[in-house]
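Construct the entire structure; sequences and hints are all you get.
Chains as they are written, first to last, in numbering that gives the first Met the number 0: chain E, 0 to 109; chain G, 0 to 326.
The set of hints was computed from the structure by calculation and includes no laboratory data. Hints are supplied without guarantee of correctness; some may be wrong.
Here are the computed lysine-lysine pairs in the DSSO-like style, where the Cα-Cα straight-line distance is at most 27 angstroms [what the hints assert, rightly or not]:
hint : chain 1 : residue 1 : chain 2 : residue 2
1    : E       : LYS27     : E       : LYS75
2    : E       : LYS75     : E       : LYS36
3    : E       : LYS72     : E       : LYS36
4    : G       : LYS87     : E       : LYS36
5    : E       : LYS72     : G       : LYS44
6    : G       : LYS277    : G       : LYS87
7    : E       : LYS89     : E       : LYS36
8    : E       : LYS75     : G       : LYS87
9    : E       : LYS72     : E       : LYS27
A few chain G positions that, by computed beta-carbon distances, are all more than 10 angstroms from chain E [to be verified]:
hint : residue
10   : GLN19
11   : ALA24
12   : LEU32
13   : GLY58
14   : LEU62
15   : MET63
16   : VAL132
17   : GLN199
18   : TYR224
19   : ALA229
20   : CYS231
21   : THR240
22   : GLY264
23   : THR302
24   : ILE315
25   : LEU322
Being a predicted model, the structure only gives us computed values, none of them experimental. All residues carry an ideal CB built from backbone N, CA and C; glycine is no exception.
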Amino acid sequence: MNAELFENLRLELRRGCLIVAVLAQLRKEHYGYTLRKALADGGLAVDEGTLYPLLRRLETQGLLASEWREENKRNKRFYRLSPDGEQILKQLLDEWQGINGSINRIVQGE
Amino acid sequence: MELLDRYLNAVRFWLPNAQQEDIIAELGEDIRLQVEETEASLGQKLNDDDLAAILRRRGHPMLMAGRYVPQRSLIGPVLYPAYLVVMKILVLWILVPIFVLIVAPVTIATTANPTLASIQTLWNLAMAAVFSVGVVTVVFAILERRPIHELEKWDPLKLPRVPKMTAAQELSLKAPGPTTRVNAIAELVFGVITTGVWIQAIRYRAGFDLNTVHITPAHIWTIVYWPIFAICLAGVPLGWTGLVWPSGSRLRAVIRFGIDAVTLGVIGVLAGAGSWLKLTSATISMTDLATATHWTDVGMKITLASAAIITLIDAIREVRRFLGYKP
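Right under this line is the structure:
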């Protein structure tokens with residue numbers, strides 16, 4: 000029960016953070032596979048079943064731009080942050096810093 | 000990579016048409032890259048079992064496709080508890096008693112093969128339950144999709160007042176609480192559905208056929224038609240009152256007591272009739288028809304007695320609620 004509860008809360012906590020991480024990582028152009036590896040190398044492993052639908056959602060929201068391009072004789076879909084995405088990422092990072100600072104103060108104040 | 004093509008094809012089946020090609024191309028490329036990387040690290044080609052293991056980790060094609068489509072629900076978490084309450088009342092308190100106490104006796108007593116008739120009755124009950132579940136689901140799905148702008152125009156100043164409790168009531172913890180959202184929605188929807196069903200019932204006042212038996216409702220049903228209609232319809236304003244004014248427990252208690260009183264009156268009038276359905280048939284013997292009529296009457300008596308007891312208990316609860324006690 001506790002393990003399941005923790006897992007649900009952990010996923011909930013990760014969900015918002017993952018969006019920030021993906022947007023931040025896509026300041027540099029990536030295709031899905033390299034993006035996933037870059038996130039994993041940064042310590043935020045994400046399975047493809049979560050990543051690709053998220054990329055599509057962020058693109059639909061106008062935060063990402065994508066294009067199919069040939070690389071090494073293979074067609075790949077490259078993603079990058081859109082101008083709107085850059086603005087939103089800046090705001091999200093400010094918000095995240097604020098939340099992080101608040102939580103640290105709350106935890107240390109106990 | 001025939002196995003990969005089969006997997007991608009299976010995923011494609013569950014995807015929306017407009018996005019199929021795009022998603023499949025990207026997913027296929029991602030899996031191919033994973034396969035190539037694994038092969039490079041192992042220094043050998045992957046066989047079908049290895050590829051199957053990779054695909055298994057990716058997930059069932061339907062689940063994989065499901066991640067790409069937005070999550071949608073027919074009935075949301077706010078209405079779902081009320082949906083379950085209405086469903087339980089409709090199936091367990093109405094359909095099952097009608098079939099067990101009225102339909103089954105007529106069907107079984109007028110047939111040469113009671114086993115087959117029992118199975119047929121159970122089947123008809125299952126079909127009626129499926130139909131009822133469908134109707135209730137549609138009603139709740141419509142409610143779920145009510146125009147959201149109506150809710151955006153709300154005014155905090157119009158929110159219902161919290162009732163003041165006396166010190167004695169606060170200490171005793173016996174005071175009735177406000178109407179629950181589930182009860183209010185259940186009353187509202189149940190009122191709409193039962194009123195609709197009762198309006199349809201007028202089509203059968205001249206009689207209806209059940210297998211080879213023609214069933215004619217007694218004249219008493221014509222007398223009580225409009226009172227029963229009013230009882231069904233009363234659930235709509237009652238539920239609505241509960242939603243917009245949940246703290247109005249005493250007013251609700253008065254209204255519900257009034258509905259209970261009318262219901263008891265209707266039950267009394269029905270009980271006084273003594274006979275409720277007339278069975279006729281060209282192919283069934285008078286003895287079998289008499290047996291069927293007898294069991295139908297027994298079923299009606301049990302139904303009326305049960306309804307009277309339940310209504311009486313509810314009336315007592317409403318009196319207690321009106322007097323300020325937890326029912």
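Outcome of the hint check:
1. E:LYS27 to E:LYS75: Roughly 16 angstroms separates the two Cα atoms, so the pair holds.
2. E:LYS75 to E:LYS36: Roughly 15 angstroms between the alpha carbons, so the hint for E:LYS75 and E:LYS36 holds.
3. E:LYS72 to E:LYS36: holds, 21 angstroms
4. G:LYS87 to E:LYS36: The hint is violated at about 51 angstroms.
5. E:LYS72 to G:LYS44: holds, 21 angstroms
6. G:LYS277 to G:LYS87: violated, 30 angstroms
7. E:LYS89 to E:LYS36: holds, 23 angstroms
8. E:LYS75 to G:LYS87: Given pair E:LYS75, G:LYS87 is violated - Cα atoms ~53 angstroms apart, limit 27 angstroms.
9. E:LYS72 to E:LYS27: holds, 22 angstroms
10. GLN19: Holds, because the least Cβ-Cβ distance between G:GLN19 and chain E comes to about 13 angstroms, which exceeds 10 angstroms.
11. ALA24: The claim breaks: G:ALA24 does not keep its Cβ more than 10 angstroms from every Cβ of chain E (closest is about 7 angstroms).
12. LEU32: Nearest chain E Cβ is 4 angstroms from G:LEU32, so the label is violated.
13. GLY58: violated, 6 angstroms
14. LEU62: violated, 8 angstroms
15. MET63: Nearest chain E Cβ is 6 angstroms from G:MET63, so the label is violated.
16. VAL132: holds, 30 angstroms
17. GLN199: holds, 45 angstroms
18. TYR224: Since the minimum Cβ distance to chain E is about 53 angstroms, G:TYR224 lies beyond 10 angstroms and the statement holds.
19. ALA229: Consistent with the label, G:ALA229 stays out of reach of chain E, its closest Cβ about 48 angstroms off (over 10 angstroms).
20. CYS231: holds, 43 angstroms
21. THR240: holds, 38 angstroms
22. GLY264: Answer for G:GLY264: holds, closest chain E Cβ roughly 52 angstroms.
23. THR302: holds, 44 angstroms
24. ILE315: holds, 41 angstroms
25. LEU322: holds, 43 angstroms
In summary, the structure is inconsistent with hints 4, 6, 8, 11, 12, 13, 14 and 15 from the numbered list given earlier, while agreeing with the others.
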